[in-house]
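Student: Model the full structure from these sequences, guided by the hints.
Residue numbers (this note's numbering): 1 to 354.
Watch out, some of these pointers could steer you wrong.
What the hints assert, rightly or not - Listed below are the simulated DSBU-like cross-link pairs for lysine-lysine, each with C-alpha atoms no more than 30 Å apart in a straight line:
#1 Lys263 - Lys204
#2 Lys231 - Lys273
#3 Lys261 - Lys85
#4 Lys261 - Lys273
#5 Lys204 - Lys279
#6 Lys223 - Lys261
#7 Lys85 - Lys294
#8 Lys261 - Lys294
#9 Lys295 - Lys85
#10 Lys223 - Lys254
#11 Lys206 - Lys223
#12 Lys206 - Lys231
#13 Lys263 - Lys295
#14 Lys206 - Lys256
Since the hints were derived computationally from the structure, they do not count as laboratory data.
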Amino acid sequence: MSKTKTKLLIKFIVGTFLGFSVLINFSYVQAAFSSGTIVSQTNSARAQNGLGALSTNSALASAAYAKAQDILANDYFAHNSPDGKTPWDFINQSGYTYAYAGENLAIGYSDASELFSAWMASATHRDNILNPNFREIGVAVVSGEYQGAETIVTVQEFGATAESAAATSPEQVASETAGTTESTPSSESSPEAGNIPKTFEFVKDKTEFSPKSIFAGEEVTFKVTFSGEVKTLEAEAFDQKFNLLESSTVTGTKEKTYTLKQKIETDGKAEVKIVAKDKNGKSETVSLGTLEVKKKVIAKNETQQKTGLIAGFKENFTQNWPIYAIVLAAIALAFGSYILMKRNRFKLLPSWRF
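Tutor: Next up, the structure:
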């Protein structure tokens, strides 16, 4: 075989290999999704549930961007920053005066549909997305380094001003939550309730949570027992509040026991509290101790960021070995064809030129 034909064959083999390599590594170069995609998915979910669309608000978008930058700059992933800055601080600093507000966070997702599905599968994040009190939204999708690896932080800030919230019940006033939202009837803070006794009593030796230590994404069981009647009953951990009256199972008559299983996504340590209020505005808070949530895998693509050629190749080969097998088979076939061509003196057709 001539040198020219040999070169053509080598180019064919190399081109085939590079083509497969591009397919194998396509996931590494996908462009990040936009904030507009998240807003569109949010409004689509609201429409499917009979809710109005949220308007994009530049101040909320500015707050979301500032929060994402703060997460990357200070290397944390939580609603409250290490220096105690809350989501509401970011919203206030953007110039947005809210009557209702909420925040959703995500990190490590490079696919918008996968991220939004994860939010909708989480009760607290879904509650924010489908909260009828919200009227406006701001979203930021920011790439940067987190704990030594490149990742993507996504922040949703929800809000409603006093004017836009006027369409909701006039009995409701401002609420501040992260990962969920609450509505506090103004009558519960009425001074006329000062001399009226509570209508309930906790049975504290039967009020608890377990386990005390979990990995992020695992469930915690809250168990609350009390006598009497309550109007609201919530478990609190980190910046999340869980409504036991709506979401839990109930046993007992004279003494009622409410049991709720809830996934906890935020890592770190947090005090767990049970807060109850009665119809007269009387409340009581019971501290149940500290919950420890250990990190599992926060950044989904964390393993893809390993340094070193060998580590990267091993990870790539483990995930894509069927494609490597096809490439090797193609090379073997091409090599076999080369041997046959040399032995039988086959000729390649010349290329067409004009």
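Student: Hints first: check each against the structure and report whether it holds.
Tutor: The hints, checked one at a time:
1. Lys263 - Lys204: holds (23 Å)
2. Lys231 - Lys273: holds (17 Å)
3. Lys261 - Lys85: Measuring from Cα to Cα gives roughly 29 Å; hence the hint holds.
4. Lys261 - Lys273: holds (15 Å)
5. Lys204 - Lys279: holds (21 Å)
6. Lys223 - Lys261: holds (9 Å)
7. Lys85 - Lys294: holds (22 Å)
8. Lys261 - Lys294: holds (18 Å)
9. Lys295 - Lys85: holds (22 Å)
10. Lys223 - Lys254: The hint holds at about 16 Å.
11. Lys206 - Lys223: holds (7 Å)
12. Lys206 - Lys231: holds (20 Å)
13. Lys263 - Lys295: holds (14 Å)
14. Lys206 - Lys256: holds (10 Å)
Consistency with the previously given hints is maintained throughout, with no hint failing.
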